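Engineer: Now for the letters of each chain:
Number of protein chains: 2
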Amino acid sequence: MHVSKDLVIRPIGRVESTLTTREDAPRQGDEGAPDAWLVFTENVREALKDLTVGDDVILITWFDRADRDVLAVHPRNDLARPMTGVFSTRSPDRPNPLALHRVTILAINDLRLQVSNLEALDGTPLVDVKPVLGDER
Amino acid sequence: MHVSKDLVIRPIGRVESTLTTREDAPRQGDEGAPDAWLVFTENVREALKDLTVGDDVILITWFDRADRDVLAVHPRNDLARPMTGVFSTRSPDRPNPLALHRVTILAINDLRLQVSNLEALDGTPLVDVKPVLGDER
Chain A
1 MHVSKDLVIR
11 PIGRVESTLT
21 TREDAPRQGD
31 EGAPDAWLVF
41 TENVREALKD
51 LTVGDDVILI
61 TWFDRADRDV
71 LAVHPRNDLA
81 RPMTGVFSTR
91 SPDRPNPLAL
101 HRVTILAIND
111 LRLQVSNLEA
121 LDGTPLVDVK
131 PVLGDER
Chain B
138 MHVSKDLVIR
148 PIGRVESTLT
158 TREDAPRQGD
168 EGAPDAWLVF
178 TENVREALKD
188 LTVGDDVILI
198 TWFDRADRDV
208 LAVHPRNDLA
218 RPMTGVFSTR
228 SPDRPNPLAL
238 HRVTILAIND
248 LRLQVSNLEA
258 LDGTPLVDVK
268 PVLGDER
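These protein sequence lines are chains A and B, in that order. Under my numbering, the first sequence has 14 at position 14, and the numbering climbs by one with no breaks. Under my numbering, the second sequence has 215 at position 78, and the numbering climbs by one with no breaks.
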C-alpha cells in the first residue's frame, strides 16, 4: 500500500506515568487510572500557550504497544463475551491504535502538564490535544 | 526526527461527501454539515461487523488538506479574536490533523456506512471508529 508522507504522525510529546505495563492499566479511566504528566516537545510550545489549569480536554495518544492486526476481541478480555469487531470497542489493539482520553489539566510547568486519571502507559506518544467535543473550534 | 514505522496511519477507508472545498465546509457539525458515506476497505471488514444502524460513534479522520506547520490561529477565522494556540481550538490546521466527529449511523450497505452531519471533505481518509467516550470498551 502506498503511504503518503502526510499520514505520518509527528509526536508532540510523551506520557510520564507510573503505569508501565498493559497488565497495570485499569480497564477504564474511571476505574482508577493515576494522574500523569504530559511532556511536550519544544517545537509545539506556541500551540500549548492557551491551555490553563482546570481545562477539560480531549487528549489523543498513540498506543505504541498495540497489535495493529487485531480486528475483533472479547470485550474487556472477558472470554464469555462474543468476539466483537474492534470498531465497536475501545480495545487498544486495532488498525490505528489511537486512544482518546478526556482529562482535566491539574498543573502546568512550562512544557509539562499534569492531568487527571490517564489510562496510558509511561512513554506513550502524544498526538493531539483538543477542546472537548461540542466546544469552540 | 526519527519516525517509527508504527507511527504511520493505515487508512481504513475514505469519506464520500458533497463537501469538496474548505470554503464549503460549515464551521461546526451542528451548523448543517451534510450526511455522508464512509467507504471502508475490504481488509477491515471484520472490525466493522458489529456496527449497527442507530449507533452513535466517534469517527476519527485525517484532514489531508491541513497545514501542519500552524501552531496558532484566530478562532473561527475571526480576525477580531486573538491568536490562540491550536491545542485550545478545533482548527483543522495543527501538527497532527486528526478530526473527531460524533455521528449517528443512518444506513449500512456492506462496506459503506451512511452517517449524519459529517464535516469532512470528499476523499478524506478514515482512521478509526470508536464507541462514544464513556461507553463499553
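Bear in mind the hints are in silico, worked out from the structure with no lab data behind them. Possibly wrong hints are sitting among the right ones.
[Unchecked claim] In silico SDA-like pairs for lysine to any residue, Cα to Cα no more than 25 Å straight-line:
no., chain 1, residue 1, chain 2, residue 2
1, B, K186, A, P82
2, A, K49, B, W174
3, A, K49, B, R151
4, B, K186, A, D78
5, A, K49, B, H211
6, A, K49, B, L237
7, A, K49, B, M220
8, B, K186, A, L79
9, A, K49, A, R14
10, A, K49, A, N109
11, A, K49, B, D204
12, A, K49, B, V207
13, B, K186, B, P262
14, A, K49, B, P262
15, B, K186, A, N109
16, B, K186, A, V70
17, A, K49, B, G260
18, B, K186, A, T84
19, B, K186, A, K49
20, B, K186, A, R112
21, B, K186, A, R81
22, B, K186, A, R14
23, B, K186, A, N77
24, A, K49, B, G222
25, B, K186, B, R151
[What the hints assert, rightly or not] Example chain B residues on the side facing chain A (calculated, C-beta under 10 Å, incomplete):
no., residue
26, L144
27, A209
28, P234
Fair warning: this is a prediction, and the values are worked out from it, not measured in the lab. The C-beta atom is built at its ideal place from N, Cα and C for all residues, glycine as well.
Engineer: If a hint holds in the structure, say so; if it does not, say that too.
Structural biologist: Here is what the structure says about each hint:
1. B:K186 / A:P82: Cα-Cα ~12 Å, so holds.
2. A:K49 / B:W174: violated (37 Å)
3. A:K49 / B:R151: violated (33 Å)
4. B:K186 / A:D78: Distance ~19 Å between K186 of chain B and D78 of chain A Cα, so the pair holds.
5. A:K49 / B:H211: holds (14 Å)
6. A:K49 / B:L237: holds (22 Å)
7. A:K49 / B:M220: Satisfied, since the Cα-Cα distance of roughly 10 Å is no more than 25 Å.
8. B:K186 / A:L79: The hint holds at about 18 Å.
9. A:K49 / A:R14: It holds: about 18 Å lies between the C-alpha atoms, which stays within 25 Å.
10. A:K49 / A:N109: Roughly 11 Å between the alpha carbons, so the hint for K49 of chain A and N109 of chain A holds.
11. A:K49 / B:D204: holds (19 Å)
12. A:K49 / B:V207: Holds - the C-alpha atoms of V207 of chain B and K49 of chain A are around 13 Å apart, at most 25 Å.
13. B:K186 / B:P262: holds (20 Å)
14. A:K49 / B:P262: violated (29 Å)
15. B:K186 / A:N109: violated (45 Å)
16. B:K186 / A:V70: holds (13 Å)
17. A:K49 / B:G260: violated (33 Å)
18. B:K186 / A:T84: holds (8 Å)
19. B:K186 / A:K49: Violated, because 42 Å separates the two Cα atoms, which is more than 25 Å.
20. B:K186 / A:R112: This hinted pair is violated, its Cα atoms lying about 41 Å apart.
21. B:K186 / A:R81: Measuring from Cα to Cα gives roughly 15 Å; hence the hint holds.
22. B:K186 / A:R14: Roughly 33 Å separates the two Cα atoms, so the pair is violated.
23. B:K186 / A:N77: Within the cut-off at roughly 18 Å; holds.
24. A:K49 / B:G222: holds (6 Å)
25. B:K186 / B:R151: Given that 25 Å is the threshold and the Cα spacing comes to 18 Å, the pair holds.
26. L144: Check passed: Cβ of L144 of chain B comes within 4 Å of chain A, closer than 10 Å.
27. A209: holds (5 Å)
28. P234: holds (8 Å)
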